[in-house]
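Visitor: Spelled out, the chains give:
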Amino acid sequence: MSIILLISFNLFVSSSVPQGPAATDTPSGFSVMVGGKYKVNYDLIASYYSETNYEVRLHGIVMGRELFLGKNFSILPEIGVVKGTRIREGATESALSPLFLVRFAYLFSAESSTFQIGFSLREAFNGKVGTDFIDFGIGFRM
Amino acid sequence: MVKWALTSLILVLALECENSFSTRMTADYFPLKTGNNWVYDVKGKNSYQIEIAVTGMKVTQGDSLFLVDVGGETQYFQRKPGIANRVRELFINHDGDQVSFGIIYEPYLLLPPIEGENWEREFNFYSIHMGDSLEKIFFVAVDSVINTSIIINSENYENVYRIRRKIVEDNDSIIQYEWLAPNIGLIKKEIPADSVVWELASFTVNE
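Quick note, the sequences are listed as chains A and B, same order. Going by this note's numbering, the letters in the first sequence line up with residues 1 to 142, in that order. Going by this note's numbering, the letters in the second sequence line up with residues 1 to 207, in that order.
Only chain A is shown next, with the shape it has when bound in the complex (with noise of 0.2 angstroms):
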């Protein structure tokens, strides 16, 4: 099992930028997701915002299946649940939300791990379809 996870390690740290009618008041910031494929794939994910007067956290875990284009391109749809949380001068407010997530990836070749460039875009369920956030990102599997 260990084995397993440890080859099949992957990486893919973004620059995260929010979408959306609440883009002025959402800041940008960062996300690194790691997972790895055990049956399915399946990624951890932790974003962090941070605007001069507040800052957002989500932690959530997703799984999907990653479909490959030729060689190189992939594109790996996932679902899963993550737990946002807003925070500003000691007041928090946090929730639990479903989260889909479409990653699209370039693999580069190499010897020893594979490089890889793309962007993810993700969507907290609030009743409407549409894209909250969009990474854009750079990691390597193993």
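Hints are all accurate, no fakes.
One-sided excerpt, in silico: chain B residues whose CB lies under 8 angstroms from chain A: (1) S20; (2) F21; (3) T26; (4) E115; (5) G116; (6) E117; (7) W119.
Derived from the structure by calculation, the hints contain no laboratory data. Note that CB positions come from ideal geometry on N, CA and C, so glycine has one too.
Given the coordinates of chain A, work out where chain B should sit on it, guided by the hints.
Guide: The following block gives chain B in isolation, referenced to the frame of chain A:
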């Protein structure tokens, strides 16, 4: 095939579930956009309607300000990430003269609202006018922020933030409660001391 059907089912179920937190995260609680228009029924000693409209924008000293017509009076708002400021001139009437203390950026709303938060800001100015020493005090505080739902004119509004705003200007103070709905803004205002209530009658968004 079964896997795809199951995945599709999960997606459909997830899409249909209304998630309050993500609504609150992605919604704009102070939608300032030229053309947006709110009409309120004002109930108190007299009943009447008041209209609020974003009439345009103005650039002053590098700042883009929204011009908001509130019942015939133009107010100026500045929108910055995480905050909306009301830009206003403070003055005092002294011996028939209007003495200005300059322009202030009054924090009007911290955005997005967060349940349980409270904040305040005080402005103190001193001036000498015709040999007299003048003082101007302006204080604003927002607290008791809660997330709630409310029915207004048979319309049920979810994920509403209710705030308590206290304003002190010189020797006058006012406390008012405001209800802010996602992507609409102010839907209700209550001024208990005057027994006045504003309730949203209509909102027109400029697409």
